[in-house]
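Q: The primary structure of each chain is shown beneath.
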Amino acid sequence: MTKTIIPFGPQHPVLPEPVHLKLTLEDEVITEAIPAFGFVHRGLEKLAEIRDFHQMVYVVERICGICSMIHAMCYCQGIEEMMGIEVPPRARFLRVIWSELHRIHSHLLWLGLFADSFGFESLFMQCWKIREKILDIDEATTGNRIIISVCVIGGMRKDLSPEQVNWILSELKDVEKEIKRLETTIMTDYTVQKRTVGKGSLTGKQAYELGLVGPTLRASGIAQDMRMLGYAAFNEIDFEPVVETEGDCYARCKVRFRETLQSIDLIRQAMAKLPEGELAVKVKGRPEGEIISRVEQPRGEVFYYIKANGKKNLERLRVRTPTFANVPALLAMLPGMWLSDVPVIVLSIDPCISCTER
Amino acid sequence: MIGQVIAISPENVVGETAKMKVEGYRFVTLSCVELDETTVDILYHFDREFQLKHFRLTVPKDAPVPSISPVYFAAFLVENEIQDLFGIRFQGLAIDYDRTLYLDEDVKKTPFCKYVVIKTAPLCEVPGEKAS
Numbered sequence: 000m001t002k003t004i005i006p007f008g009p010q011h012p013v014l015p016e017p018v019h020l021k022l023t024l025e026d027e028v029i030t031e032a033i034p035a036f037g038f039v040h041r042g043l044e045k046l047a048e049i050r051d052f053h054q055m056v057y058v059v060e061r062i063c064g065i066c067s068m069i070h071a072m073c074y075c076q077g078i079e080e081m082m083g084i085e086v087p088p089r090a091r092f093l094r095v096i097w098s099e100l101h102r103i104h105s106h107l108l109w110l111g112l113f114a115d116s117f118g119f120e121s122l123f124m125q126c127w128k129i130r131e132k133i134l135d136i137d138e139a140t141t142g143n144r145i146i147i148s149v150c151v152i153g154g155m156r157k158d159l160s161p162e163q164v165n166w167i168l169s170e171l172k173d174v175e176k177e178i179k180r181l182e183t184t185i186m187t188d189y190t191v192q193k194r195t196v197g198k199g200s201l202t203g204k205q206a207y208e209l210g211l212v213g214p215t216l217r218a219s220g221i222a223q224d225m226r227m228l229g230y231a232a233f234n235e236i237d238f239e240p241v242v243e244t245e246g247d248c249y250a251r252c253k254v255r256f257r258e259t260l261q262s263i264d265l266i267r268q269a270m271a272k273l274p275e276g277e278l279a280v281k282v283k284g285r286p287e288g289e290i291i292s293r294v295e296q297p298r299g300e301v302f303y304y305i306k307a308n309g310k311k312n313l314e315r316l317r318v319r320t321p322t323f324a325n326v327p328a329l330l331a332m333l334p335g336m337w338l339s340d341v342p343v344i345v346l347s348i349d350p351c352i353s354c355t356e357r
Numbered sequence: 000m001i002g003q004v005i006a007i008s009p010e011n012v013v014g015e016t017a018k019m020k021v022e023g024y025r026f027v028t029l030s031c032v033e034l035d036e037t038t039v040d041i042l043y044h045f046d047r048e049f050q051l052k053h054f055r056l057t058v059p060k061d062a063p064v065p066s067i068s069p070v071y072f073a074a075f076l077v078e079n080e081i082q083d084l085f086g087i088r089f090q091g092l093a094i095d096y097d098r099t100l101y102l103d104e105d106v107k108k109t110p111f112c113k114y115v116v117i118k119t120a121p122l123c124e125v126p127g128e129k130a131s
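Each protein sequence line maps, in turn, to chains A and B. What the first sequence shows, in numbering that gives the first Met the number 0, is residues 0 to 357, in sequence order. What the second sequence shows, in numbering that gives the first Met the number 0, is residues 0 to 131, in sequence order.
Think of the hints as simulated: they come from the structure by calculation, not from any bench. The model shown is predicted, which means the values in this text are computed figures rather than measured ones. The beta-carbon is built from N, C-alpha and C at its ideal position, and this holds for glycine as well. Certain hints may be false.
As the list claims (entries may be wrong) - Below are the SDA-like pairs computed for lysine to any residue, each with C-alpha atoms no more than 20 angstroms apart in a straight line:
{"hint": "1", "chain 1": "A", "residue 1": "K204", "chain 2": "B", "residue 2": "A17"}
{"hint": "2", "chain 1": "A", "residue 1": "K272", "chain 2": "A", "residue 2": "E314"}
{"hint": "3", "chain 1": "A", "residue 1": "K310", "chain 2": "B", "residue 2": "K18"}
{"hint": "4", "chain 1": "A", "residue 1": "K204", "chain 2": "B", "residue 2": "T37"}
{"hint": "5", "chain 1": "A", "residue 1": "K45", "chain 2": "B", "residue 2": "D40"}
{"hint": "6", "chain 1": "B", "residue 1": "K108", "chain 2": "A", "residue 2": "G42"}
{"hint": "7", "chain 1": "A", "residue 1": "K21", "chain 2": "A", "residue 2": "M270"}
{"hint": "8", "chain 1": "A", "residue 1": "K21", "chain 2": "B", "residue 2": "L102"}
{"hint": "9", "chain 1": "A", "residue 1": "K45", "chain 2": "B", "residue 2": "A62"}
{"hint": "10", "chain 1": "A", "residue 1": "K172", "chain 2": "A", "residue 2": "G42"}
{"hint": "11", "chain 1": "A", "residue 1": "K204", "chain 2": "B", "residue 2": "K20"}
{"hint": "12", "chain 1": "A", "residue 1": "K253", "chain 2": "A", "residue 2": "G309"}
{"hint": "13", "chain 1": "B", "residue 1": "K113", "chain 2": "A", "residue 2": "H40"}
{"hint": "14", "chain 1": "A", "residue 1": "K310", "chain 2": "B", "residue 2": "D35"}
{"hint": "15", "chain 1": "B", "residue 1": "K113", "chain 2": "A", "residue 2": "L46"}
{"hint": "16", "chain 1": "B", "residue 1": "K18", "chain 2": "A", "residue 2": "Q205"}
{"hint": "17", "chain 1": "A", "residue 1": "K253", "chain 2": "A", "residue 2": "V242"}
{"hint": "18", "chain 1": "A", "residue 1": "K21", "chain 2": "B", "residue 2": "T37"}
{"hint": "19", "chain 1": "B", "residue 1": "K60", "chain 2": "A", "residue 2": "M270"}
{"hint": "20", "chain 1": "A", "residue 1": "K310", "chain 2": "B", "residue 2": "L34"}
{"hint": "21", "chain 1": "A", "residue 1": "K272", "chain 2": "A", "residue 2": "P87"}
{"hint": "22", "chain 1": "A", "residue 1": "K157", "chain 2": "A", "residue 2": "G42"}
{"hint": "23", "chain 1": "A", "residue 1": "K157", "chain 2": "A", "residue 2": "M270"}
{"hint": "24", "chain 1": "A", "residue 1": "K21", "chain 2": "B", "residue 2": "I94"}
{"hint": "25", "chain 1": "A", "residue 1": "K21", "chain 2": "A", "residue 2": "R226"}
As the list claims (entries may be wrong) - Derived CB-CB ranges, DEER-like:
{"hint": "26", "chain 1": "B", "residue 1": "E36", "chain 2": "A", "residue 2": "E162", "range": "51 to 61 angstroms"}
{"hint": "27", "chain 1": "A", "residue 1": "K310", "chain 2": "B", "residue 2": "F49", "range": "49 to 59 angstroms"}
{"hint": "28", "chain 1": "A", "residue 1": "E275", "chain 2": "B", "residue 2": "G2", "range": "52 to 62 angstroms"}
As the list claims (entries may be wrong) - Reference listing, derived: stretches of chain A covered by chain B, where coverage requires no fewer than 3 residues with Cβ under 8 angstroms from a Cβ of chain B:
{"hint": "29", "stretch": "283–292"}
{"hint": "30", "stretch": "320–330"}
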């Protein structure tokens with residue numbers, strides 16, 4: 000049978016950001032998929048050699064909008080460890096609260112886009128409607144909806160008043176109720192299952208050997224979540240990673256859906272234990288040495304390698320984002336699938352090209 | 000500060016990486032650090048049960064480095080990235096973009112090097128295709 004090569008992207012209705020896949024097909028079945036990037040590469044790592052290490056907090060926040068706070072937290076955590084800075088307990092708990100708010104709105108954004116990838120427009124709109132409440136919380140507490148700029152080296156720049164804590168808790172009650180209303184649709188609807196069950200399956204062994212991270216890995220039965228490292232205040236709250244075993248698009252959807260509810264629980268725990276005290280400590284001196292900092296973003300483990308030599312600029316900042324680790328999965332998931340399944344499978348890894356093209 | 004770092008040479012990088020795979024390590028990524036005008040450090044990061052282990056390979060910029068993508072397939076992406084940004088040549092890549100993962104074909108410079116290297120010839124031949 001003759002082979003056909005079809006370019007998928009960089010501009011495609013289902014893709015929120017530009018990525019290209021060179022698909023080789025026999026009839027309607029994919030035999031090979033080769034990804035290509037470079038449409039929006041910014042070289043932000045290189046800026047670390049020019050900008051002050053404090054200014055780099057603002058730069059790393061702009062690697063990705065959806066998980067901006069978590070990028071900043073990972074970077075700050077690395078510099079703090081390198082300089083021997085002890086972050087105040089209140090700041091550690093606030094980091095948990097805002098990072099989990101980011102996870103909720105990222106997963107709701109993804110659930111909407113995922114529903115859109117198989118034409119379920121009303122589900123897409125419902126998810127994004129709920130997401131607005133989280134963005135309203137971000138805006139009311141930090142002044143910004145997405146890039147909230149609350150992390151600084153040594154702690155946090157924003158605090159939550161007792162009134163704000165109560166208001167967030169009541170808003171989360173509504174959010175939880177509305178997310179649970181979607182549960183029947185996401186978990187049992189015929190359309191959702193028809194388009195996702197058995198699509199793009201990976202076994203736990205395949206997922207692990209491909210170096211996958213986050214919900215893409217946990218949907219294949221591997222209980223790996225960087226929050227288990229206990230960074231920020233995760234060592235002081237109850238946390239168990241969400242795991243599914245089927246390894247297909249449906250399992251990845253279930254993991255993210257359950258994680259949305261889990262994040263609400265983590266925020267409640269953090270708010271219940273939120274200690275009084277300082278927000279940040281004063282930072283003196285300059286970083287020196289090599290450090291690795293890892294945290295769990297909505298898409299999985301983000302990895303920061305930082306090398307500093309005692310100057311105001313860093314010698315090297317290297318960022319391995321979760322989507323960069325999950326792209327090789329597409330090369331294993333797509334062969335054997337139908338062309339019409341490509342949008343659903345590509346979306347199932349929750350691709351963030353902004354992160355990848357940092 | 001970054002955990003266990005083992006210095007390795009280009010001759011044993013593939014063999015040592017294969018041992019890591021047998022021991023159940025997950026491939027995390029590679030980090031390339033320019034040391035001076037002629038040398039770079041390539042750090043290989045692996046993880047097993049949240050414990051990181053690293054290899055440090057110090058090589059001249061113009062010397063080819065064996066690719067570990069035949070062992071850990073996922074490494075092809077980051078090796079191509081380093082090839083684009085630092086001009087380091089990886090041999091035996093599972094998929095070789097020949098410095099076009101991020102860059103246009105006519106770009107000769109290595110954008111992440113402080114001491115710029117100008118590409119004068121194709122770094123690698125793409126399997127099944129003739130090098131231009």
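Q: If a hint holds in the structure, say so; if it does not, say that too.
A: The hints, checked one at a time:
Distance check on the hinted pair: A/K204 and B/A17 sit about 16 angstroms apart at the alpha-carbon level, within 20 angstroms; holds. With a CA separation close to 38 angstroms, the supplied pair A/K272 and A/E314 exceeds the 20 angstroms bound. Proximity of A/K310 to B/K18 is assessed by CA-CA distance (about 38 angstroms); at most 20 angstroms being required, the pair is judged violated. For the hint pairing A/K204 with B/T37, the CA-to-CA distance comes to about 40 angstroms; that exceeds 20 angstroms, so the pair is violated.
Pair hint A/K45 plus B/D40 holds up; C-alpha atoms about 16 angstroms apart against a cutoff of 20 angstroms. The straight-line distance between the Cα atoms of B/K108 and A/G42 is roughly 14 angstroms, inside the 20 angstroms bound, and the hint therefore holds. Between the alpha carbons of A/K21 and A/M270 the distance comes to roughly 47 angstroms, so the proposed pair goes past 20 angstroms and is violated. Of the pairs offered as hints, the one joining A/K21 and B/L102 holds, with about 17 angstroms between alpha carbons and a cut-off of 20 angstroms not exceeded.
The straight-line distance between the Cα atoms of A/K45 and B/A62 is roughly 23 angstroms, outside the 20 angstroms bound, and the hint therefore fails. Between A/K172 and A/G42, the direct Cα distance comes to roughly 41 angstroms. Violation of the 20 angstroms bound is thereby established for this hinted pair. A C-alpha spacing of about 12 angstroms is found between A/K204 and B/K20, which places the hinted pair at or below 20 angstroms, so the restraint holds. At most 20 angstroms may separate the alpha-carbon atoms for a hinted pair to count; A/K253 and A/G309 exceed this at roughly 46 angstroms.
Taking the CA atoms of B/K113 and A/H40, the gap is about 18 angstroms. The hint holds against a cut of 20 angstroms. For a cut-off of 20 angstroms, the pair hint linking A/K310 to B/D35 stands: about 17 angstroms separates their Cα positions. Distance hint between B/K113 and A/L46 is fulfilled; the C-alpha atoms sit about 12 angstroms from each other, no more than 20 angstroms. Straight-line distance between C-alpha atoms of B/K18 and A/Q205 comes to about 18 angstroms, which keeps the hinted pair within the 20 angstroms bound.
For a cut-off of 20 angstroms, the pair hint linking A/K253 to A/V242 stands: about 9 angstroms separates their Cα positions. Annotation: proposed proximity of A/K21 to B/T37 is violated, straight-line Cα distance about 36 angstroms (limit 20 angstroms). In summary, the hint linking B/K60 to A/M270 is not supported, as the alpha carbons are separated by about 51 angstroms, beyond the 20 angstroms threshold. Distance restraint check for A/K310 and B/L34: the Cα-Cα separation of roughly 16 angstroms lies within the 20 angstroms cut-off, and the hinted pair is therefore satisfied.
Proposed proximity of A/K272 and A/P87 is supported: the alpha carbons are some 14 angstroms apart, at most 20 angstroms. For the hint pairing A/K157 with A/G42, the CA-to-CA distance comes to about 29 angstroms; that exceeds 20 angstroms, so the pair is violated. Distance restraint check for A/K157 and A/M270: the Cα-Cα separation of roughly 15 angstroms lies within the 20 angstroms cut-off, and the hinted pair is therefore satisfied. In summary, the hint linking A/K21 to B/I94 is supported, as the alpha carbons are separated by about 13 angstroms, within the 20 angstroms threshold.
Distance check on the hinted pair: A/K21 and A/R226 sit about 35 angstroms apart at the alpha-carbon level, beyond 20 angstroms; violated. The hinted window of 51 to 61 angstroms between B/E36 and A/E162 holds, with their beta carbons roughly 59 angstroms apart. Between A/K310 and B/F49 the beta carbons are some 32 angstroms apart, a value that contradicts the proposed interval 49 to 59 angstroms. Distance hint check: the CB atoms of A/E275 and B/G2 are about 35 angstroms apart, inconsistent with the given range 52 to 62 angstroms.
For the stretch 283–292 of chain A, the stated coverage by chain B holds: 4 residues have a C-beta nearer than 8 angstroms to a C-beta of that chain, and at least 3 were required. Proximity of the stretch 320–330 of chain A to chain B, defined as three or more residues with a beta carbon under 8 angstroms from a beta carbon of that chain, is established by the 5 residues found.
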